[in-house]
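Undergrad: Next come the chains, spelled out residue by residue.
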Amino acid sequence: MRPLLALVRKEFQSLFGAPTAYLTLTMVALVTALIFFDHLRLYNQVLFLYATSTMYGFDTDAVPDYVNLWDSVFFPVMETLGLTLLGAVPLITMRVFAEERSRGTDELLVTTNLTPTQIVLAKFLVTFAFIALTLSVSFVYPAAAIEQGGLGMLHLSAVFSGLLLLGLAIGSVGLVCSAFTSSQLVAAVSGWAVAFVLWDFSWANAFLDEGTAAFLEQVALHPRFGSFSEGIVRLENVVYFAAFALVAMALARFSFDLRRVGA
Amino acid sequence: MNAAQQAQDEPDLAIRARGLSRRFGPYLALDALDLDVPERQTYGLLGANGAGKTTFIRLVTGFLLPSAGSITVQGRSPATDPSAVQAGLGFVMETSRLYEELRVRAFLRFCGGARSLAGAELDTAIDASIERFRLEPVADRLIGNLSKGYQQRVSLAQAFLHDPPLVIVDEPTSGLDPVQQNEVQELLLGMRGSRTILLCTHDLHEARSLASRVAVLNAGRLVAEGDTAEILGRDDALSLFRELPGGSPT
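Quick note, the sequences are listed as chains U and Y, same order. Take the position in the first sequence, starting the count at 1, then add 762; the result is the number in my numbering. Take the position in the second sequence, starting the count at 1, then add 31; the result is the number in my numbering.
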């Protein structure tokens, strides 16, 4: 346990000792804030137009039900935040294993009596914690607004959990890609490519038979997020994301064995 | 009798390799190596670039698995029990294979923690290592901002931190200026006799001044082994490093 904690501490020091972490945090927070305020601006304009079109002054009864904070602001912002994760998370994960390989410190790690399992576990834990931090920073504005709109903390928690699990799944993909290469560029690009392919398979339904399409629907990441955004936490979806992370950890662990055998 | 049992019967050996081979695809990096490294000696592993020195070190540390043959380190097999082997060894890699974004003290704290040191024991080990390798002026500086000489001292400090019975030192003076080379060699001289040091180098002067015995690898094969003065004092000593008539084994 002690070596694992030492590595977790070192990983945090390395992460926040480089500008990439701060740049990523700032970029995601900035993009989310811009998208959020843009949607909020549009929502206010629509609201104002409806409210003033009655000729009797400002009358909120004239606003139809479908023009609401949830459908006009929160849901689109959450969808965009999911896509932002797809773009940003591989930038976080690309260096995690690949940088160790490229500068030769992976050999140092292994010979300091850390087992490959401990190395994988520590790196996944720290990356997951950073993704959670990134999401928390980005979630503040939309959460505050929607809380004012009366959505409720439980619903908000469900949406945040869904986004977090989605982020962790994308992070798992990125970490596996980083574990099999010494190039950060290759790790980032392959992370984007694999996560993008796994994002949604509905576009391929027209070309596939029903069984294959149904199977791919089960494997895809984005459809699993759907129920969370509606405020429903389904156990099967939580199990899916947990299994996704575990398989990724096993693959990253396998990269160490592969290196030992090395052809 | 298996390799581990044989090693237990020969307790004075720090490393014992028998028929040790390692292949990378078609390239045979080590070819049926038989080698005994005695305990409490500085043992030089010599050879030109590509002779198989680094591959041998990686087999000792358990970083790689052998393609054939066996190896035991202090009676344990790094192939089947790498954690036990790694607990008893320190490893100094070539300069700059360090976490440059960490400060020296934080890096040593990590290395100690990773070797299960904690609390007062860890603090004492860090302070002792900083003093032994004369790192006081740079203890709170970023490793990336240090000179190569200081970086190599940091590397030595982490390897000796947990007082291991076996330390592997890979090209310790590579890329250093003459003053820095002298400093590192003096530090290694100070460690002589207290533990086994496997010194991997292609610098014959360094081997002469530090090692009591040497083995010379050429194209993955052991071409000479014995007392340093005897091996390196031969008239044809340089020919041991030249390409073998058959070329690299494949």
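Treat the hints as calculated values from the structure; they're not laboratory data. For clarity, every value in this text was computed on a predicted model and none was experimentally measured. Incorrect hints may have been included.
[Said to hold, decoys possible] Taking CB as the label site, the calculated pair distances span:
id, chain 1, residue 1, chain 2, residue 2, range
1, U, R771, Y, A79, 37 to 47 Å
2, Y, G150, U, A1004, 29 to 39 Å
3, Y, R223, U, A1004, 25 to 35 Å
4, U, A982, Y, P168, 34 to 44 Å
5, Y, D266, U, V1023, 38 to 48 Å
6, Y, A151, U, V1023, 15 to 25 Å
7, Y, G50, U, V956, 40 to 50 Å
8, U, Y784, Y, A63, 47 to 57 Å
9, U, P781, Y, A79, 38 to 48 Å
10, Y, R223, U, L1020, 45 to 55 Å
11, U, V1023, Y, P209, 37 to 47 Å
12, Y, E152, U, L1008, 29 to 39 Å
[Claimed, not checked] A partial selection of chain U residues facing chain Y, derived with a Cβ cut-off under 8 Å:
id, residue
13, R764
14, R863
15, S864
16, R865
17, G866
18, T867
19, V872
Beta carbons are placed, not taken as given, at the ideal position from N, Cα and C, and that holds for glycine.
Undergrad: Each of the hints needs a verdict: does it hold here or not?
TA: Checked hints:
1. U:R771 / Y:A79: 37 to 47 Å: This hint holds: roughly 41 Å between Cβ atoms.
2. Y:G150 / U:A1004: 29 to 39 Å: holds, 35 Å
3. Y:R223 / U:A1004: 25 to 35 Å: At 54 Å between Cβs, range violated.
4. U:A982 / Y:P168: 34 to 44 Å: Given about 57 Å between the Cβ atoms, the range is violated.
5. Y:D266 / U:V1023: 38 to 48 Å: Hint holds: Cβ distance 43 Å, inside 38 to 48 Å.
6. Y:A151 / U:V1023: 15 to 25 Å: violated, 41 Å
7. Y:G50 / U:V956: 40 to 50 Å: holds, 42 Å
8. U:Y784 / Y:A63: 47 to 57 Å: For Y784 (chain U) and A63 (chain Y) the Cβ distance comes to about 53 Å; the hint holds.
9. U:P781 / Y:A79: 38 to 48 Å: Holds, at about 41 Å.
10. Y:R223 / U:L1020: 45 to 55 Å: About 39 Å separates the Cβ atoms of R223 (chain Y) and L1020 (chain U), which means 45 to 55 Å is violated.
11. U:V1023 / Y:P209: 37 to 47 Å: Given a distance of about 41 Å, which is inside 37 to 47 Å, the answer is holds.
12. Y:E152 / U:L1008: 29 to 39 Å: Holds - the Cβ-Cβ distance for E152 (chain Y) and L1008 (chain U), about 35 Å, lies within 29 to 39 Å.
13. R764: holds, 5 Å
14. R863: violated, 11 Å
15. S864: At 11 Å from the nearest chain Y Cβ, S864 (chain U) fails the 8 Å test, so the hint is violated.
16. R865: Nearest chain Y Cβ about 6 Å off; hint holds.
17. G866: Hint holds; G866 (chain U) Cβ to chain Y Cβ min 4 Å, cut 8 Å.
18. T867: At 6 Å from the nearest chain Y Cβ, T867 (chain U) passes the 8 Å test, so the hint holds.
19. V872: holds, 6 Å
Comparing the model with each earlier hint shows violations of hints 3, 4, 6, 10, 14 and 15; every other hint is respected.
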